[in-house]
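Engineer: Each chain, letter by letter, is given below.
Number of protein chains: 2
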Amino acid sequence: MEIFCSARARDDHRDLLDAATPPETRWLELHEDGSATIDGHAVELREATPDVAWMTSDLVQGGPSRQFFGLLTRSESVRWLQSSAAGFDHPIFGDLVERGIRLSPAHISGPPIADYVLRAALDHLQDAEQWRRAAADHRWEPHEFVEMGSTHWIVVGLGTIGAEIAVRARACGATVTGMRRSPAGDEPVDAMINPDQLLDTLPTADIVVLAAPSSPTTDGLVDDDFLARTKPTALLVNIGRGALVDETALLRALDDGRLAAAVLDVTATEPLPADDPLWAHPKVAITPHSSALGDGRHHRAAEVFVENLRRYLAGDPLLHEVTAADLGRS
Amino acid sequence: MEIFCSARARDDHRDLLDAATPPETRWLELHEDGSATIDGHAVELREATPDVAWMTSDLVQGGPSRQFFGLLTRSESVRWLQSSAAGFDHPIFGDLVERGIRLSPAHISGPPIADYVLRAALDHLQDAEQWRRAAADHRWEPHEFVEMGSTHWIVVGLGTIGAEIAVRARACGATVTGMRRSPAGDEPVDAMINPDQLLDTLPTADIVVLAAPSSPTTDGLVDDDFLARTKPTALLVNIGRGALVDETALLRALDDGRLAAAVLDVTATEPLPADDPLWAHPKVAITPHSSALGDGRHHRAAEVFVENLRRYLAGDPLLHEVTAADLGRS
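Just so you know, the protein sequences line up as chains B and W, in that order.
The first sequence begins at 1 in my numbering and counts up one residue at a time.
The second sequence begins at 1 in my numbering and counts up one residue at a time.
Chain B on its own, in the form it takes in the complex (with noise of 0.2 Å):
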């Protein structure tokens, strides 16, 4: 078996991996130059053919993802693909899915997203740039806050992403409800909705946060009819996609002061154009597609690759497999 990833994830876990491997593996080894070896030895990319192959993220952060996704795309070896990202809305994935090639995802995103939710949910309840900007005047000027414990929260996709939201707003006290299309019962919440619930229940909610995928029944979710029902002093959040937002509305709702601030880490273009409305809106908060990037999602990656490793090789069903059907091309 011949496997493709970056030098940098086969260096980062090698441990986890020659412990889960055969001896007789070969590690075909991208490096950041776009070069290649196995076992040190040069290799021609063109040339190769491995079998497997994982996308971790320093690939796709910075990284040599032409060399990568070239060798994909040309490939008739590779039969399987391990990705490290939740999200497969890039055509490249739909394509080698079409190909043949078997595709999971992973999901390991949770931990960091909730983390980046809950911070911004705290800092807009305690109105917390109110005492950053008396700080930065030497101002002593205490205010009244509201606490987590007499929230509401709308979460819109309710999978691992939003679980791990879940969990943490509830530990601070908030009710939380979760909306999903097909829900497994188990959603660690108050309430359940469905999406025919989710316009009669936005009033009641004080955080609005978006984990779902992009999808043609969420493109476009936040409209002007989802913003009419909206708290005028609700915050939204979106970790999910940019297509989700239509930014139009959204800052006609924000200057009307039908919602009171939103918090967008992704966005319709990415990167977000400097000239962007969005970034200079005093009621939006920018930040650049980093919600994932926590520091854990490294060996969360290489655990996933591991487990998923063991039952691809064993013919057990893999963790998070998606089909064409799930890509739409189906």
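Treat the hints with care, since some could be wrong.
Short derived list, chain B residues pointing at chain W, Cβ under 7 Å [stated by the list, open to error]:
#  : residue
1  : M1
2  : G87
3  : R119
4  : D123
5  : D127
6  : E141
7  : G149
8  : C172
9  : P271
10 : L272
11 : P282
12 : I286
13 : T287
14 : G294
15 : D295
To be clear, the hints were calculated from the coordinates, so they are not data collected in a lab.
Source: prediction; values computed, not measured.
C-beta: ideal position from N, C-alpha, C; glycine also.
Since chain B is already given, all that's left is putting chain W on it; use the hints.
Structural biologist: Structure of chain W alone, referenced to chain B:
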């Protein structure tokens, strides 16, 4: 029975108070302008003889505290003072207890203070300030951050406030060590240490929270010795009392890189003078003794007063009553 309280507290909690008191109860209401009434009739405070006094936060936060404590200081009728604050280090409380007035503070600040601490810790771990600065310049610059799940907390003072902090931190995956002179055994933490073990445990802590009262054994706790043991990446959060921290030693440690940052909701001098170096230090965030100012505290204060009033009338022990010994006056 005559009960002395603010007109505002009487108004805000009328139904709750009426349900808990005999109909013949007289309410001596102190108005914002310092005048007093009983049943709407003006009375002279210097002639009033209430049995019970209830101190709510509106009295001390910009309210007629001078008139309130003036009556208490002179009164020969008051038998019991219910405070809505947790602290009783102000000398006036010792004086009252020495004169035989029973005193019961309220422990109702846990939820908002824990919310505050969680925000401060998440902001530090995520280096959200870097996102805010980049956003101000319309720059899209992702960075990796530390997840709560990889952090170790030490909470110095594991009472009702420390327990709320521990519950939240652990729900986010953190490991929490509590320090308490006399553990009850039911603290919601991963480990308990006693004060003698603190210095040896400090090098393992990413977040150090001071949640202890001011006392001869805690004043000056954070000194050069303490700060010689902290991690260079650690955050210190003080929501206890300013007296716990040697502020000169703290600034020295921050300048020398022996501690990453400090979030101080309390300072040795309050309000903090505009020319105090703490305001301008880039590694210090000051908030104006506001971490307890959650919107749920008024209702919790009324609930505690009503419960203690029931106990007072029944001759049962009061919740959280303090003695001259607690105040160092025995």
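Engineer: Could you run down the list of hints and mark each one as holding or not?
Structural biologist: We went through each hint and held it up to the structure:
Among the interface hints, the one on M1 of chain B is violated; its C-beta lies about 31 Å from the nearest C-beta in chain W, farther than the 7 Å criterion. At a threshold of 7 Å, the smallest CB-CB gap from G87 of chain B to chain W is about 15 Å, leaving the interface hint violated. Among the interface hints, the one on R119 of chain B holds; its C-beta lies about 4 Å from the nearest C-beta in chain W, closer than the 7 Å criterion. Satisfaction of the interface hint for D123 of chain B is found here, the shortest Cβ-Cβ separation to chain W being roughly 6 Å, below the 7 Å cut-off.
Annotation: interface hint on D127 of chain B violated; nearest CB of chain W at approximately 10 Å, more than 7 Å. Nearest Cβ of chain W to the Cβ of E141 of chain B: about 6 Å, under the 7 Å cut. The hint holds. Interface hint status for G149 of chain B: upheld, as the beta-carbon distance to the closest one in chain W is roughly 5 Å, under 7 Å. With a cut of 7 Å, the hint placing C172 of chain B at the interface with chain W holds, because the nearest CB-to-CB distance is about 6 Å.
At about 4 Å, the closest approach between the beta carbon of P271 of chain B and any beta carbon in chain W falls short of 7 Å, and the interface hint on this residue holds. Interface hint status for L272 of chain B: upheld, as the beta-carbon distance to the closest one in chain W is roughly 6 Å, under 7 Å. Interface restraint check for P282 of chain B: the shortest CB-CB distance to chain W comes to about 11 Å, outside 7 Å, so the restraint is violated. The closest approach between the C-beta of I286 of chain B and any C-beta of chain W is roughly 5 Å, which is under the 7 Å cut-off, so the hint is satisfied.
The restraint placing T287 of chain B at the interface with chain W holds, with a minimum CB-CB distance near 5 Å, inside the 7 Å limit. Against a cut-off of 7 Å between C-beta atoms, the interface hint on G294 of chain B holds, since the closest Cβ of chain W lies about 4 Å away. At its closest, the beta carbon of D295 of chain B sits 5 Å from a beta carbon of chain W; the interface hint therefore holds under the 7 Å criterion.
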